[in-house]
Amino acid sequence: MNLLDYDNKYVRVTYVDGYVFEGDCTYNSLEYNEHEYGHPDEGLEIANFLLWKKDILKIESLEDHDGPYGKFTSAYGTIEEMNVEDGIDSIREELFREDPELVIRMIRCLDDLYSKGSEKLPPREELAEAMRDILDFYPDPEIRVSAKQLLERLKA
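Take any residue in the sequence shown, count from 1 to its spot, add 166: that is its number in the working numbering.
Because the hints were derived from the structure by calculation, they are not lab data.
Note that the Cβ used here is the ideal one computed from N, Cα and C, for glycine as well.
One thing to keep in mind: the hints can contain errors.
To be verified - Label pairs and their in silico Cβ distance ranges: (1) Asp232 / Thr180: 31 to 37 Å; (2) Gly283 / His201: 42 to 48 Å; (3) Leu223 / Asp299: 35 to 41 Å; (4) Lys321 / Leu223: 19 to 25 Å.
Said to hold, decoys possible - Derived DSSO-like pairs (lysine-lysine); straight-line CA-CA distance at most 27 Å: (5) Lys321 / Lys286; (6) Lys237 / Lys224; (7) Lys237 / Lys282; (8) Lys286 / Lys314; (9) Lys220 / Lys282; (10) Lys282 / Lys224; (11) Lys237 / Lys314; (12) Lys237 / Lys219; (13) Lys282 / Lys314; (14) Lys224 / Lys175; (15) Lys220 / Lys237; (16) Lys220 / Lys175; (17) Lys237 / Lys175.
Work the whole structure out from these sequences, hints included.
Okay, here's the thing in structure tokens:
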């Protein structure tokens, strides 16, 4: 598999541990990864995750995919769930990305996990503050509606 073919494209990567990562990726050469990360392997970066070539089982382009979630195959995925597990700082990093599609995926994840009563979520007050910040920052109507709905649920 030639990872360079996927540089700056939306992809779906299945990793050896079973995780599936979707998003816009950047190719990193072996030399770059060895210099920057001390890891002598080619790789792809998706959001804040480094995926090493030797650990990639399968990679698919989502460039031509167009479904209810745009280029993505689901409302949210592994990246958002792992960011929730990493805590509020990682959540906020995802919430304040430039790509509105990534922001809405993070809000969907938070809303779904809140609905399920997940213990992985940070305290309500921290999530509510993040949603208020979203409302102050984003003009995008879909993001604003989703953030406002989650904020109302957090207040209840």
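Right, here's what the structure says about each hint:
Judged by the Cβ atoms, the range 31 to 37 Å given for aspartate 232 and threonine 180 is violated: they are separated by roughly 21 Å. In this structure, glycine 283 and histidine 201 meet the distance hint of 42 to 48 Å, their C-beta atoms being roughly 44 Å apart. Range check, leucine 223 to aspartate 299: about 37 Å between beta-carbon atoms, so the 35 to 41 Å window is met. For the hinted restraint 19 to 25 Å between lysine 321 and leucine 223, the CB-CB distance of approximately 43 Å leaves it violated.
The suggested pairing of lysine 321 with lysine 286 holds, with an alpha-carbon distance near 18 Å, which does not exceed 27 Å. About 17 Å separates the Cα atoms of lysine 237 and lysine 224, which keeps this hinted pair within 27 Å; it holds. Between lysine 237 and lysine 282, the direct Cα distance comes to roughly 26 Å. Compliance with the 27 Å bound is thereby established for this hinted pair. This hinted pair checks out: lysine 286 and lysine 314 have alpha carbons roughly 21 Å apart, not beyond 27 Å.
The hinted pair formed by lysine 220 and lysine 282 fails the criterion: a straight-line CA distance of about 35 Å is larger than 27 Å. The suggested pairing of lysine 282 with lysine 224 is violated, with an alpha-carbon distance near 30 Å, which exceeds 27 Å. Proximity of lysine 237 to lysine 314 is assessed by CA-CA distance (about 25 Å); at most 27 Å being required, the pair is judged to hold. Taking the CA atoms of lysine 237 and lysine 219, the gap is near 23 Å; set against the 27 Å cutoff, the hint holds.
Taking the CA atoms of lysine 282 and lysine 314, the gap is near 19 Å; set against the 27 Å cutoff, the hint holds. Under the criterion of a C-alpha separation no larger than 27 Å, the hint pairing lysine 224 with lysine 175 is consistent with the structure, at around 15 Å. A distance of roughly 25 Å separates the Cα atoms of lysine 220 and lysine 237; the hinted pair therefore holds under the 27 Å criterion. Under the criterion of a C-alpha separation no larger than 27 Å, the hint pairing lysine 220 with lysine 175 is consistent with the structure, at around 20 Å.
Of the supplied pair hints, the one linking lysine 237 and lysine 175 holds, its CA atoms being roughly 10 Å apart against a limit of 27 Å.
Checked against the numbered hints given earlier, the structure breaks hints 1, 4, 9 and 10 and satisfies all the rest.
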